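**Student:** So the protein sequences, as listed, match chains A, B, C and D.
So for the first sequence, our numbering puts the first residue at 1; every next one is plus one.
So for the second sequence, our numbering puts the first residue at 1; every next one is plus one.
So for the third sequence, our numbering puts the first residue at 1; every next one is plus one.
So for the fourth sequence, our numbering puts the first residue at 1; every next one is plus one.
Hints are computed from structural coordinates only; laboratory data are not their basis.
Be a bit skeptical, because a hint or two may be false.
Claimed, not checked - Listed next, the in silico DMTMM-like pairs over lysine to aspartate or glutamate satisfying Cα-Cα at most 25 Å (straight line): (1) B/Lys121 x B/Glu83; (2) B/Lys141 x B/Glu125; (3) B/Lys2 x B/Asp12; (4) B/Lys121 x C/Asp66; (5) B/Lys141 x A/Glu47; (6) B/Lys141 x B/Glu47; (7) B/Lys143 x C/Asp66; (8) A/Lys121 x D/Glu19; (9) B/Lys143 x C/Glu12; (10) A/Lys143 x A/Glu83; (11) B/Lys141 x B/Glu115; (12) A/Lys143 x D/Glu19; (13) B/Lys121 x C/Asp17; (14) B/Lys143 x C/Asp50; (15) A/Lys141 x B/Glu83; (16) A/Lys143 x B/Glu115; (17) A/Lys2 x A/Glu103; (18) B/Lys143 x A/Glu63; (19) B/Lys141 x C/Glu12; (20) A/Lys141 x A/Asp12; (21) A/Lys121 x D/Asp66; (22) B/Lys121 x B/Asp62; (23) A/Lys2 x D/Glu18; (24) A/Lys143 x D/Glu12; (25) B/Lys143 x B/Glu83; (26) B/Lys121 x C/Glu18; (27) B/Lys143 x C/Asp25; (28) A/Lys121 x A/Glu63; (29) A/Lys143 x D/Asp66; (30) A/Lys143 x D/Asp59; (31) A/Lys143 x D/Asp17; (32) B/Lys143 x C/Glu18; (33) B/Lys2 x B/Asp58; (34) B/Lys143 x B/Asp12; (35) B/Lys121 x C/Glu12; (36) A/Lys141 x D/Asp17; (37) A/Lys2 x D/Asp50; (38) B/Lys143 x B/Asp62.
Fair warning: this is a prediction, and the values are worked out from it, not measured in the lab.
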Amino acid sequence: MKRVAVQAGDFDVAAELVALEALGGGGVASFTGVVRGGGGLIALELEHYPAMTQAQVDRICDEAMARWPLLGLSVIHRFGRLEPGARIVFVGTASRHRTAALESCAFLIDWLKSEAPFWKKEHFEGGATGWVEARVEDETKAKGWG
Amino acid sequence: MKRVAVQAGDFDVAAELVALEALGGGGVASFTGVVRGGGGLIALELEHYPAMTQAQVDRICDEAMARWPLLGLSVIHRFGRLEPGARIVFVGTASRHRTAALESCAFLIDWLKSEAPFWKKEHFEGGATGWVEARVEDETKAKGWG
Amino acid sequence: MLTIVYFAWVRERIGLDEEQMARPDAGTTIADLIALLAARGGGYADALGDATRLRAALDQRFMALDTPIGDARELALFPPVTGG
Amino acid sequence: MLTIVYFAWVRERIGLDEEQMARPDAGTTIADLIALLAARGGGYADALGDATRLRAALDQRFMALDTPIGDARELALFPPVTGG
Chain A
1 MKRVAVQAGD
11 FDVAAELVAL
21 EALGGGGVAS
31 FTGVVRGGGG
41 LIALELEHYP
51 AMTQAQVDRI
61 CDEAMARWPL
71 LGLSVIHRFG
81 RLEPGARIVF
91 VGTASRHRTA
101 ALESCAFLID
111 WLKSEAPFWK
121 KEHFEGGATG
131 WVEARVEDET
141 KAKGWG
Chain B
1 MKRVAVQAGD
11 FDVAAELVAL
21 EALGGGGVAS
31 FTGVVRGGGG
41 LIALELEHYP
51 AMTQAQVDRI
61 CDEAMARWPL
71 LGLSVIHRFG
81 RLEPGARIVF
91 VGTASRHRTA
101 ALESCAFLID
111 WLKSEAPFWK
121 KEHFEGGATG
131 WVEARVEDET
141 KAKGWG
Chain C
1 MLTIVYFAWV
11 RERIGLDEEQ
21 MARPDAGTTI
31 ADLIALLAAR
41 GGGYADALGD
51 ATRLRAALDQ
61 RFMALDTPIG
71 DARELALFPP
81 VTGG
Chain D
1 MLTIVYFAWV
11 RERIGLDEEQ
21 MARPDAGTTI
31 ADLIALLAAR
41 GGGYADALGD
51 ATRLRAALDQ
61 RFMALDTPIG
71 DARELALFPP
81 VTGG
């Protein structure tokens with residue numbers, strides 16, 4: 001099972017996890033990213049490169065499936081305007097081996113950070129905006145997987 | 001937020017994740033262990049040491065909270081008779097840092113495997129039974145966290 | 001009195017969940033007590049004959065087998081845990 | 001023709017989502033083209049003046065800036081990605 005979705009709408013984490021649990025693998029790991037509030041942030045606007053995004057996320061998933069013995073994975077990434085508390089991204093993996101499930105989950109979220117064509121713009125109270133800068137740490141982390 | 005439950009009944013993974021997402025940390029990691037079928041297994045029977053279990057799981061959680069900057073965690077471990085496909089254990093962690101969320105999740109599940117007083121007995125078709133042997137690998141993995 | 005509790009196949013082989021015994025000398029280690037119990041023979045010997053397969057807790061804390069029992073009130077004997 | 005697409009602050013500074021230009025020589029690299037576009041001045045200079053801040057994709061694949069454009073149909077220019 002490989003499920004990749006790039007969408008504006010929210011998603012149902014429970015449904016994703018139930019589908020992964022049903023693969024009978026024994027272990028399901030997940031990571032959900034949520035918009036952090038604070039500092040007067042009123043919204044995060046996620047822009048992406050539609051012609052590229054789905055194919056690129058797909059490629060990252062294939063890479064994970066080649067590296068770890070996974071029974072299935074599910075990756076969902078939202079775009080558009082998201083308020084604090086909203087989910088941005090979900091990664092779920094199922095494997096017979098808990099280490100494979102957890103490691104591939106970490107790998108996928110690291111790679112999405114540095115290899116998926118999304119850009120985040122912050123909107124603050126009072127009208128100020130700013131593009132989130134990529135963190136060198138994120139590129140380094142993704143490269144760390146070799 | 002620290003939530004520890006040792007119970008016979010099933011649990012609601014979605015409710016646990018929503019509570020962790022609501023802490024506003026930005027990242028929520030989880031691991032769910034499910035009874036694997038196959039080999040004629042009809043049920044897994046989990047015995048535990050009631051006077052010790054809750055306190056011991058609590059201690060493992062405190063250890064995780066001391067090691068990583070977590071906003072919250074939730075650990076649920078079931079006991080009793082569980083059929084293939086049933087959830088056994090859930091670990092969820094929330095942090096501002098995705099690495100902290102994922103690593104502490106891996107730490108908790110590794111430690112539960114080697115430090116929580118549970119024992120698994122397998123029941124097979126035809127009436128055969130057998131206690132699951134601890135894997136040296138699991139003790140080694142837990143010790144790897146130092 | 002010292003309460004001894006058994007789990008998993010240790011419990012099954014001995015055929016008891018728990019029992020009480022007169023408190024041993026404070027210097028007696030868990031391993032010493034395991035040897036004493038195993039010497040009862042039968043299920044005890046089956047369960048406790050090979051101490052390398054056993055783990056223990058004193059008053060609900062994991063302890064190495066060479067730990068003296070001291071003034072603990074509860075000793076638990078069991079195989080390596082298999083939770084998670 | 002070559003389609004050039006822009007994202008994030010590159011798009012905002014240039015004021016265009018995409019544009020077409022005559023196909024350059026196949027040996028022209030992405031960096032060469034960035035320099036050509038930046039030389040237009042104005043928003044182009046603001047957006048593309050410092051190539052070290054830019055990343056690129058050719059036909060929807062990430063490529064280093066010293067890659068020749070070859071026969072690609074679409075070039076995308078953007079800042080480092082910040083997904084996840």
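**Student:** Indicate, hint by hint, whether the structure satisfies it.
**Tutor:** Hint by hint, here is what the structure shows:
no.	hint	result
1	B/Lys121 x B/Glu83	holds, 12 Å
2	B/Lys141 x B/Glu125	violated, 32 Å
3	B/Lys2 x B/Asp12	holds, 16 Å
4	B/Lys121 x C/Asp66	violated, 28 Å
5	B/Lys141 x A/Glu47	violated, 41 Å
6	B/Lys141 x B/Glu47	holds, 23 Å
7	B/Lys143 x C/Asp66	holds, 20 Å
8	A/Lys121 x D/Glu19	holds, 23 Å
9	B/Lys143 x C/Glu12	violated, 29 Å
10	A/Lys143 x A/Glu83	violated, 30 Å
11	B/Lys141 x B/Glu115	holds, 11 Å
12	A/Lys143 x D/Glu19	violated, 33 Å
13	B/Lys121 x C/Asp17	holds, 16 Å
14	B/Lys143 x C/Asp50	holds, 24 Å
15	A/Lys141 x B/Glu83	violated, 39 Å
16	A/Lys143 x B/Glu115	violated, 34 Å
17	A/Lys2 x A/Glu103	holds, 17 Å
18	B/Lys143 x A/Glu63	violated, 30 Å
19	B/Lys141 x C/Glu12	violated, 29 Å
20	A/Lys141 x A/Asp12	violated, 28 Å
21	A/Lys121 x D/Asp66	violated, 28 Å
22	B/Lys121 x B/Asp62	violated, 29 Å
23	A/Lys2 x D/Glu18	violated, 32 Å
24	A/Lys143 x D/Glu12	violated, 29 Å
25	B/Lys143 x B/Glu83	violated, 30 Å
26	B/Lys121 x C/Glu18	holds, 19 Å
27	B/Lys143 x C/Asp25	violated, 33 Å
28	A/Lys121 x A/Glu63	violated, 29 Å
29	A/Lys143 x D/Asp66	holds, 20 Å
30	A/Lys143 x D/Asp59	holds, 23 Å
31	A/Lys143 x D/Asp17	violated, 30 Å
32	B/Lys143 x C/Glu18	violated, 30 Å
33	B/Lys2 x B/Asp58	holds, 9 Å
34	B/Lys143 x B/Asp12	violated, 31 Å
35	B/Lys121 x C/Glu12	holds, 11 Å
36	A/Lys141 x D/Asp17	violated, 31 Å
37	A/Lys2 x D/Asp50	violated, 39 Å
38	B/Lys143 x B/Asp62	holds, 17 Å
This entry does not satisfy hints 2, 4, 5, 9, 10, 12, 15, 16, 18, 19, 20, 21, 22, 23, 24, 25, 27, 28, 31, 32, 34, 36, 37, going by the numbered hints stated previously.
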